[in-house]
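Peer 1: All chains, full assembly: derive it from the sequences and hints.
As you go down the protein sequences, you meet chains G and U in turn.
Quick note: the first sequence uses my numbering, first residue 2, plus one each step.
Quick note: the second sequence uses my numbering, first residue 2, plus one each step.
No lab work stands behind these hints: they were computed from the structure.
Watch out, some of these pointers could steer you wrong.
Each pair may be met inside one copy or between any two copies, as identical chains are not told apart.
No farther apart than 25 Å at their CA atoms in a straight line, the calculated lysine to any residue pairs in the SDA-like style are these [stated by the list, open to error]:
#1 200 / 296
#2 331 / 282
#3 256 / 71
#4 256 / 224
#5 242 / 145
#6 242 / 32
#7 331 / 174
#8 242 / 174
#9 171 / 240
#10 331 / 292
#11 242 / 29
Since the model is a prediction, treat every value here as computed from it, not as a measurement.
There are 2 protein chains.
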Amino acid sequence: MKTLNLALIGFGAVGRGFVDLLQARHAYLETQHNLRLNLIGVATARRGSLFRLDGLTLDALSQAAESGHLNNYPTQPRLIRGLEPLTMLTRPGVDVVIEITPTTYENNAEPAMGHIRAALAAGKHVITANKGPIALAYPDLMAQAAHRDVFLGFEGTVMGGTPVLRLARKGLAGCHISELRGIVNGTTNFILTEMESGKPYADALREAQARGYAEADPTNDVEGFDAAGKLIILAHIIFGKALSMADIDREGITKLTPEDIQSAQANGERWKLIARAALSADGQLSASVRPTRLPLSDPLAGVGGGVNAITYQTDLIGAVTLTGAGAGGKATAYALLSDLIELAEWL
Amino acid sequence: MKTLNLALIGFGAVGRGFVDLLQARHAYLETQHNLRLNLIGVATARRGSLFRLDGLTLDALSQAAESGHLNNYPTQPRLIRGLEPLTMLTRPGVDVVIEITPTTYENNAEPAMGHIRAALAAGKHVITANKGPIALAYPDLMAQAAHRDVFLGFEGTVMGGTPVLRLARKGLAGCHISELRGIVNGTTNFILTEMESGKPYADALREAQARGYAEADPTNDVEGFDAAGKLIILAHIIFGKALSMADIDREGITKLTPEDIQSAQANGERWKLIARAALSADGQLSASVRPTRLPLSDPLAGVGGGVNAITYQTDLIGAVTLTGAGAGGKATAYALLSDLIELAEWL
Chain G
2 MKTLNLALIG FGAVGRGFVD LLQARHAYLE TQHNLRLNLI GVATARRGSL
52 FRLDGLTLDA LSQAAESGHL NNYPTQPRLI RGLEPLTMLT RPGVDVVIEI
102 TPTTYENNAE PAMGHIRAAL AAGKHVITAN KGPIALAYPD LMAQAAHRDV
152 FLGFEGTVMG GTPVLRLARK GLAGCHISEL RGIVNGTTNF ILTEMESGKP
202 YADALREAQA RGYAEADPTN DVEGFDAAGK LIILAHIIFG KALSMADIDR
252 EGITKLTPED IQSAQANGER WKLIARAALS ADGQLSASVR PTRLPLSDPL
302 AGVGGGVNAI TYQTDLIGAV TLTGAGAGGK ATAYALLSDL IELAEWL
Chain U
2 MKTLNLALIG FGAVGRGFVD LLQARHAYLE TQHNLRLNLI GVATARRGSL
52 FRLDGLTLDA LSQAAESGHL NNYPTQPRLI RGLEPLTMLT RPGVDVVIEI
102 TPTTYENNAE PAMGHIRAAL AAGKHVITAN KGPIALAYPD LMAQAAHRDV
152 FLGFEGTVMG GTPVLRLARK GLAGCHISEL RGIVNGTTNF ILTEMESGKP
202 YADALREAQA RGYAEADPTN DVEGFDAAGK LIILAHIIFG KALSMADIDR
252 EGITKLTPED IQSAQANGER WKLIARAALS ADGQLSASVR PTRLPLSDPL
302 AGVGGGVNAI TYQTDLIGAV TLTGAGAGGK ATAYALLSDL IELAEWL
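Peer 2: Shown next as structure tokens:
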């Protein structure tokens, strides 16, 4: 039996979903994967921290989380409260740091970036669902992980738990991928699907905001920044190429009119916000995020609402498309678990 | 560097595609996967056999294959000609037996079944693209492989090189799959796609025969036997359940009329031959192959022509659909290579 001691840095919806998953899959992981996962620490910035080398009690932890503060976790022998994230993640006994703090691309993707670097420097395996550090520093973080011979997992950074990165890294090993095209932003895909029933853009956006799919300031989604960030991650992992935001030919969906939508429908086509990266014959990578008219025969044309999909163009087996949920706390919690299973096989 | 010595049993289109792939990916496999693949034997029933522990010369082998008989391979030091398949595959020095003889489900899937059993008994790793042995004897063959602590690879048995089995076994590890639905027969999917343009069944079948997609006796495809065979393999691998042909509620596409097709189109739906297997709450597996009307929003509805796809319904991330080529010599050759890469990681 392999045992891994885990510390969660950050404890929002993904973290709570992950704790539920640890409880539900405990026996399965032991019997099917010979793997025991032992949660020994949870650190948050403002809602307390718990550390116990013998392991935390998961249902008590869930109850404390529901109460709003980890101080409501009961007293146990050898329980340590109040450790700062950076103190906990370097602590002896921690094997894997799971970095799921609230972090954006801004401010150099802090605090996640600093947590990941400190954990790798301390020789800990790291698994994250935070896009910022992977988009901004993937080659550097991978080099740091290789230097310490530890694992860096990041499946949750694109398409939640749908294993689109693992498909390329493992399932298509031995193929050369020359191009990828994807629908990687659920908000814009929902808006475009709404517009197909005749709504103008502004009404469709309001509907998305009313349902909580779009934020009050929707710029990040509708102008294609979110999709471009995921494309930067994909470019690193699939093509080994570093892109910056400025390298991406980016256009959002805000200028699409009901006439554009109808004109496509009349031609048996459909508008989608497509993130695309393609290698040229001389090894240059071109990248774009832009509204694109697809024939209905394209596997991406049928991807509606909040569903995401990526098509990889390969030399040996042609086009391969993976379609699935693009986000969600439970799905992202699964992405963390899937990285832990890969880590256990790698060890 | 890991080195694996390979013997090919059978040398048709897939075998020749595999030799091309070994040449094209030699350097890639060494640098990216630290893996050296050394082809030391090729055995056929009627077109000669070659065995050379130092390795066969791949371009000379391709030329001999094109000439129609392996006797046209040039003389080399320590080259042995004329070994029977069963003699070659148990020979010392062979690490991996790649079983790709022409074999159907009939006659107990011989000769492939006997080759695979003999190779496993001799402690060789086995990789096959032959459906028959996996459909008829998967649990038994896996037990035999486990007993000798060797690897049994079978990715090429369903959807050619599109990694639909590896997705379930590795990419979705930790999820529970409760149902799968797939388009796994390209011939019937081509015929149904043709019928959507108004052709009656008989005309669409003739078109498929003219293009070489359907055989003179199309029963195996159009009555759903081929899809049912693949469903038996999927039931073994995804659900760990043994099905026989009689367990599958099977109906082909021969009774579909142009009126049926039009009626679906008028309702925003499309007919597909769907292979489905689903677990009930009490762990029973029900399985069917039958024409099914799908709404256009279903990811399987957009899968046209010779393309195949499978949707897995999971508990943690909902529906995941993989779409890609269903067959082809080059794609199946890639499936063999992908199994070799998995074997090398497993060792």
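Peer 1: Go through the numbered hints given earlier and state which of them the structure violates, listing their numbers in rising order.
Peer 2: 3 and 10
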